[in-house]
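If you want the building blocks of each chain, they are given just below.
There are 2 protein chains.
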Amino acid sequence: MDVSKEDELCLISIREALKVVRGKWSILVLTLLSLGPQRFNQMRRNLDHISIKSLTDVLHHLEQHEVINRQVFPTRPVTVEYTLTDKGRAYIPVLRELRIWGENWGEHPKLG
Amino acid sequence: MDVSKEDELCLISIREALKVVRGKWSILVLTLLSLGPQRFNQMRRNLDHISIKSLTDVLHHLEQHEVINRQVFPTRPVTVEYTLTDKGRAYIPVLRELRIWGENWGEHPKLG
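Chains A and B are the protein sequences, given in the same order. The numbering of the first sequence is the UniProt record's numbering, which starts it at 1 and goes up by one. The numbering of the second sequence is the UniProt record's numbering, which starts it at 1 and goes up by one.
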């Protein structure tokens, strides 16, 4: 079937969402930040295997789209901490449903 | 902060989900199929710009992961129709939240 006007609006909204949060690393970064503030190196450690370039690019993209906030503290050495903005926190229901789906339908058995 | 055991389980579930439904086209294909069954060329038309190769790859990946079902009808020419499986229908709550987020936080103003 071809899509109706109403269905077209649904596709438009989802495309809009995908312009901002796109790809695995974006989602994993938001998941981490939904658990609490993170510094760059903590994120790298918590997302084992991500390259410095990939993490930098993802953080830059999310910051530009105002999903995350980058705060610099004048310590020595300087501390840079990332947190979710209101827009980022509004994404948490998506992550919650994704987690439930992964738990129920992922390939690994549930742990714990 | 470093992640706790509980948080680690959250990340694992989300990674699991991302192994199956990854990337923009997967999500858009599932969105279309959540609206009703679709044939290959209808999907191409409804997802303007997707190449035959990309759509074929995405459909193959989703079928292999049992998220969508491919059914062949013995018409002339043969009709091939795609629908969501139970696993695919279970993903609809993710799409619903993604749509809400896109409506509220997307860059385009709401239409209609």
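Bear in mind the hints are in silico, worked out from the structure with no lab data behind them. Don't be surprised by glycine CBs; every beta carbon is placed ideally from N, CA and C. It cannot be assumed that every hint is accurate.
Claimed, not checked - Over the 12 angstroms line for every Cβ pair with chain A, so calculated as not near, a few chain B residues: (1) R22; (2) I52; (3) K53; (4) S54; (5) L55; (6) H60; (7) Q71; (8) V80.
As the list claims (entries may be wrong) - Which residues of chain B face chain A? A partial, calculated answer using Cβ under 10 angstroms: (9) V21; (10) D57; (11) H61; (12) E63; (13) R70; (14) R76; (15) P93; (16) L95; (17) N104.
Let me know if the C-beta of V21 of chain B comes in closer than 10 angstroms to any C-beta of chain A, holds or violated. Since the shortest Cβ distance to chain A is 8 angstroms, the answer is holds.
Using Cβ atoms and 12 angstroms as the threshold, tell me whether V80 of chain B really stays out of contact range of chain A. Holds: least Cβ distance 15 angstroms, greater than 12 angstroms.
Taking 10 angstroms as the limit, does the beta-carbon of L95 of chain B come near enough to a beta-carbon in chain A? This interface hint holds because 7 angstroms falls under the 10 angstroms limit.
Take the shortest C-beta to C-beta distance between P93 of chain B and chain A; is it under 10 angstroms? Holds, because the Cβ-Cβ distance from P93 of chain B to chain A comes to roughly 4 angstroms (cut-off 10 angstroms).
Least C-beta distance from R22 of chain B to chain A larger than 12 angstroms: Per Cβ check, R22 of chain B is inside 12 angstroms of chain A; nearest 6 angstroms; violated.
Using the nearest Cβ pair, does R76 of chain B come within less than 10 angstroms of chain A? Cβ of R76 of chain B sits 21 angstroms from chain A, so the hint is violated.
Assertion that L55 of chain B lies farther than 12 angstroms from chain A (Cβ): holds, 15 angstroms
Restraint outcome when H61 of chain B is required to lie within 10 angstroms of chain A by C-beta distance: violated, 13 angstroms
Residue hint R70 of chain B, partner chain A, criterion CB-CB below 10 angstroms: violated, 17 angstroms
Can we trust that K53 of chain B is non-interface, i.e. its beta-carbon lies farther than 12 angstroms from all of chain A? Correct as stated: the minimum Cβ-Cβ distance to chain A is 20 angstroms, above 12 angstroms.
Since H60 of chain B was said not to touch the interface, does its Cβ keep a gap of more than 12 angstroms from each Cβ of chain A? holds, 17 angstroms
Hint validity - E63 of chain B Cβ closer than 10 angstroms to any chain A Cβ: violated, 15 angstroms
In this structure, the hints that do not hold are numbers 1, 10, 11, 12, 13, 14, in rising order.
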